[in-house]
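Asks: Chains as they are written, first to last, in the working numbering: chain V, 1 to 258; chain P, 1 to 204; chain R, 1 to 284.
These are computed hints drawn from the structure, not numbers from a lab.
Straight-line Cα separation of at most 25 Å, SDA-like style, residue types lysine to any residue; simulated pairs: (1) K189/R x M134/R; (2) K35/P x P105/V; (3) K189/R x D4/V; (4) K189/R x F37/P.
Just some of the chain V residues that point at chain R, by a computed CB distance under 10 Å: (5) D4; (6) S69; (7) A185; (8) T186; (9) T187; (10) Q188; (11) P190.
Computed from a predicted structure; not experimentally measured. Every residue, glycine too, gets a C-beta built ideally from N, C-alpha and C.
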Amino acid sequence: MFADGMGVDFLLIAFLMVAVGYALERTKKGLAKWQIRKIPGLDAIEEGIGRATEMDRPVFYLPGSGGFSDPQLLASMAVLSEVAKVTARYDTRLIVCVPMSSVYPVIEEVVRQAYVSEGKAERFRAEDVRWFSDHYFGYAIAIIGLMFKEKVATNIMIGTFAFDALMYAEAANQAGAIQVGGTAATTQIPFFVAACDYALIGEEIYAAAAYLTKDPVRVATIVAEDWAKFLVTGLVVLGVLLQTAGKADGLRNFLNQW
Amino acid sequence: MKKTLPFILTFVSALTITVCVFFDLAPALVEEIDKWFILSGAVVCCIGLVNLTTVHARNIKRRGRDWDLSYVLLFITFAYLVLGIVAGPTHPLYAWIFDSTAVPLGATFYSVLSFYIVSAAYRAFRAKTRDAAILLVSGIIVLLGNAPIGEVIYPGFGTATKWIMDIANTAAMRAVIFGATIGSFITAIRVFLGIDRPYTAAGE
Amino acid sequence: MSIWEKLSSLDRRYYYVVLILVVALPIIKPWGLPIRVGSTTEDFWKTVEAVPEGGTIALAIDYRSDCIVELNPQVVTLFRQAFARNLKIIMWSNVDEGANVTEPITRAVGNEMGKTYGVDWVNLGYKPGGEVTMKKMVDNFWEGAAYVDMQGTPLQDLPIMQGFSSLRDADLLIDMMAVVPSPAQNYLKMVSIAYGLPMAIGTTAIQAPTEMPFYSSGEYKGMLAGLRGAAEYEFLTRNPGPAMMGMDAQSAAHILVIVLIALGNIGHMMDRKKRAGAPIGGGS
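Build the full structure now, drawing on both the sequences and the hints.
Replies: Laid out in structure tokens, this is it:
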């Protein structure tokens with residue numbers, strides 16, 4: 001019935017879909033009111049935009065270097081949309097630097113739509129959504145230069161980042177910005193934790209859109225995510241017990257082959 | 001229409017791929033979609049080129065800031081593009097230009113990271129709390145254990161580093177990887193179901 | 001102004017100059033610090049040794065020019081170890097620059113060791129498409145590689161490619177990688193685990209912690225981590241090269257970073273102490 005090795009993957013996806021459906025149903029019927037714990041990094045975003053407004057200096061947004069097959073980019077675009085709405089509301093300049101040419105037109109549209117939804121279409125500046133190069137050194141040098149030139153007040157970095165993350169964080173710090181950095185790229189999490197004022201670690205970036213919008217439908221999907229974590233944690237505990245008893249091969253083969 | 005069509009396209013293509021891949025159905029269709037994916041990757045490179053050309057051509061036309069550099073950029077871009085297409089990536093001239101510009105520039109740029117690390121080391125790595133102090137001490141042990149001098153100073157640094165990397169680091173990384181992977185699944189499902197529509201300003 | 005206040009207000013470019021000096025001096029006059037081989041490197045070496053003579057290594061090159069300092073020595077030493085045992089290497093890149101940065105160094109090793117291009121090794125060039133291409137390379141390697149090598153030579157004209165129709169035909173899969181998201185984890189999931197093909201990786205020091213869980217769990221049979229991993233590999237294969245030369249400089253840079261962290265923290269503590277002792281509402 002299933003393709004080789006796809007059975008368990010399918011069951012996991014099916015579990016997630018059912019969990020999302022169930023959580024949505026309970027939310028729509030008003031049977032449950034879910035809440036996401038406080039995430040200081042996300043609260044700091046509006047505070048940072050307020051700071052930029054008071055200082056009359058721009059907000060910088062970097063969506064990371066992922067392409068469309070990277071979920072981190074999708075999560076980042078949802079946050080960007082919310083950030084753009086707030087900057088539109090406050091009449092604060094927002095500069096978005098896109099590292100991949102393929103992503104550029106969509107990011108531009110996301111920002112434009114956010115301004116339109118706030119009734120500020122005329123305040124949208126297409127030239128503030130920038131693409132420099134698909135290569136780190138062209139992109140990163142341009143961004144660092146722009147941070148100093150524009151005297152950025154707030155720097156928000158959410159998405160996939162490579163070694164260049166620390167460079168942006170340090171450059172923005174030197175330019176006097178407060179910073180929110182978030183990534184699920186485990187390589188760069190330590191740099192964000194060390195160099196940014198607020199850091200979003202791993203899955204927090206996927207919860208960001210739900211947290212910022214407080215949309216009950218999105219929050220319900222985060223609840224389903226927690227249920228999936230319980231399932232995976234159960235599997236981990238089972239694996240540890242079986243491995244300790246020297247009988248893990250069966251489970252390993254089942255998960256890999258079936 | 002502008003909002004519905006992308007959602008329908010996303011939903012139908014995701015559903016097709018999911019069903020075909022999980023149940024090993026219509027391999028020819030999957031192969032065809034795979035080819036489209038690769039081809040679309042090549043096409044979007046052209047979008048970047050069009051954007052770059054438009055921005056700099058406009059700058060030249062308006063005699064904007066550093067317009068003369070826009071000329072240089074466009075000349076280099078198109079000259080190298082034509083050379084690559086005509087002569088191929090292994091042509092000695094093409095390879096020489098690449099080896100003597102992109103390679104050293106790339107390596108130099110990566111090396112610049114060390115300066116930022118030095119600056120961050122002084123500014124950011126502070127033991128402000130107990131947790132930060134634990135992180136800092138672990139970081140210093142790993143720094144010493146990862147360079148030969150660490151074991152010259154004290155042979156135990158190598159063993160301590162191995163423990164931190166194999167046990168503490170691996171445990172934390174696994175937790176982050178589990179959480180992030182499930183989070184990415186949920187993000188994909190949100191896009192699949194149209195709850196998140198990043199292509200139309202996040203569900204607007 | 002106390003010395004700590006002076007230090008904290010010091011222009012950071014002074015630190016940069018100190019870093020240049022600290023890194024340059026051991027390169028000019030090496031210290032000759034001993035190198036101890038770690039288990040990740042030793043396992044990598046053993047995994048390559050375990051490939052039967054005449055076997056084939058499938059080598060993905062997934063890094064750009066920015067990481068050549070750490071990864072080129074790893075690739076060169078791998079070629080030396082493999083060629084010494086008459087192993088064949090089929091390499092390609094999922095990253096645009098990968099094939100270009102490794103072409104000159106691998107050709108130099110091949111020529112030096114009397115090996116023939118197309119017979120003992122082949123560079124298939126940049127193969128875009130990410131996971132889709134990886135999957136295709138399992139189903140039909142030639143189609144995944146678009147039927148040509150880097151120079152446009154048809155694969156049917158290359159003796160090394162005869163009989164190699166799927167990644168499953170390789171004896172070992174190695175990914176030398178320094179990009180995010182990790183292509184090695186995709187190879188692991190789509191090829192190594194799915195078809196039981198042994199896999200090892202080489203990566204930068206920055207990315208090593210991310211890949212470590214997969215080495216610890218035994219999924220990666222070996223791992224070269226950064227310049228240190230490259231130096232250990234050179235030492236183990238008795239091929240001293242640039243990585244071993246760079247070890248003293250790395251030691252010096254690490255010590256400088258530790259000194260700066262210590263200075264920063266002492267300054268921070270002094271500052272806190274001073275503030276705690278200052279009278280409320282005081283100051284000039």
